[in-house]
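K.L.:
Spelled out, the chains give:
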Amino acid sequence: MNELSVDRLEERLSEYASAFEYPQTPDIAGAIEWEALRRRRKPGVIFSGQRLAWGIALLIVLLAGLMAVPPVRAQILEFLQIGAIRILLSQPSPTPIPTITASQPPGASLATQPTGSQAERPTATPVPTSTPRPFPFQLSRPSTLSQAEAAAGFRARLPAYPEDLGPPDLVFAEDFGGPAIILVWLEPDQQEKTRLSLMQMIGDALIEKLPPRVIAGTQVNNQPALWTEGAHSLRYRSRAQIVELVVEGNVLIWQEGETTYRLEGDLTMEEAVRIAESLR
Amino acid sequence: MHLSGEAQLSEPDLIDRAREGDGTAWEALVRQHQEPAFRLAYLILGDAGQAQDITQEAFLRAYRAIDRYDPARPFRPWLLAITANLARNQRRSLGRYWAAVRRFVERNPEPQPAHYSDHIEEKVTQRWASQTMWEAIQRLDAKDQQVIYLRYFLDSPVAETAEVLSVAEGTVKSRLHRALNRLQEVIEREFPELREGIKT
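Protein sequence lines, in the order shown, are assigned to chains A and B. Counting in numbering that gives the first Met the number 0, the first sequence runs from 0 upward without gaps. Counting in numbering that gives the first Met the number 0, the second sequence runs from 0 upward without gaps.
Same shape as in the complex, but just chain A (with noise of 0.2 Å):
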């Protein structure tokens, strides 16, 4: 009889909410350094395993043997990317940045740029803010496949080679701006000591990844792929603040279809490629 007609709820709620009190709107626009942005977007290859065969594996040889010498490195490219990993091919100035303690997946040592920090690093977005943040940055606990594939919303996939080594011994789903699930397998009889880590990301993920000693071009199923081998830093965006990993092993990139892989691990170019390809 006496009820709410939702006409009236309708204006009312018009009313309201144009009497909506905001906080005001910060100044997103001065926050984000748009010219690191800017080089970030040019020049470089972006390789993408659809569109492009075997003559882009090549050109990679070939630009990475003339990455070797430092003034052609500067003048020909800033990157080269597949997917969602992007090497850098010229080194940021270093500039000192406060570290946080958070856990780290085996084989990696971890230092982030917690938000609202005075430190500036080259790719930082500073968000300006003098609020602490609730919740400090930390890598996902570990969960299982299937926890990680719903989070991620993808299916991961499995190398059946080598057969011995079984499913994954931790799993993480990440955001690098897009999703991720990171597969780890760890050393039988060293449970600290990383055998293999295999991360697969879509979307909008984008990790960067600066010089390491060695790049080279190579095939996975028959589609351009990078080799790198040295120590190197990734670093990646995940809510407004910088992580960077340091990593130390030898590492395979490549693409296929929308995901992006990358494999990890104390291996040579070969084992890593026949690993690839055994995906399931």
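Hints are computed from structural coordinates only; laboratory data are not their basis. This one's a predicted model, so the numbers in the text were calculated from it and none came from an experiment. Possibly wrong hints are sitting among the right ones.
[Said to hold, decoys possible] Which chain B residues stay away from chain A? Per the calculated CB distances, all over 12 Å, these:
1. Leu8
2. Glu10
3. Ala158
4. Glu159
5. Glu168
[What the hints assert, rightly or not] Here are some of the chain B residues that sit facing chain A, going by a computed Cβ distance under 7 Å:
6. Gln55
7. Tyr151
8. Leu179
Beta carbons are placed, not taken as given, at the ideal position from N, Cα and C, and that holds for glycine.
Start from chain A and add chain B according to the hints.
P.N.:
Relative to chain A, chain B alone:
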């Protein structure tokens, strides 16, 4: 600064320039759209700091994906869709925490001064009504909330709302109708004071 000159360019021109690597053009676009994006993120998340992070992330993602953006379509719904998706994902992960914080704040309201002038009282009443309405909306599911935020809080026309939600305009209307009915039920059941305020 040539920002004022950039701001006079049409949106497609700014996007073209941004694609070519003109950071100033992109900055002008951000300035044009940062307020609705931030407000939508704030409505979904209920926290200004989180909303700022998400808005910033939304612009970064939009910038990275600018080559895939169809310039024939308006920019704002595309950006709002990215913002809403990010905010929803963020809320999913932080949902429990923020729910607990909200419950705490609800249990511990700020003490109010003893006397107000009529004007202040009216303002406070309206503020209370807006905030309480928002709390009632937050009881709805994410789809219902989003359509209400877009249509009533951001004043998005039906066509734009449809674009943001990737649905037909007719679906926006039916979804809105359903959301209002559910909101009505929530208010009847859980917000008797607001109900009285709406009826007067």
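K.L.:
For each hint given before, does the structure comply? Return the numbers of the non-compliant ones in rising order.
P.N.:
none
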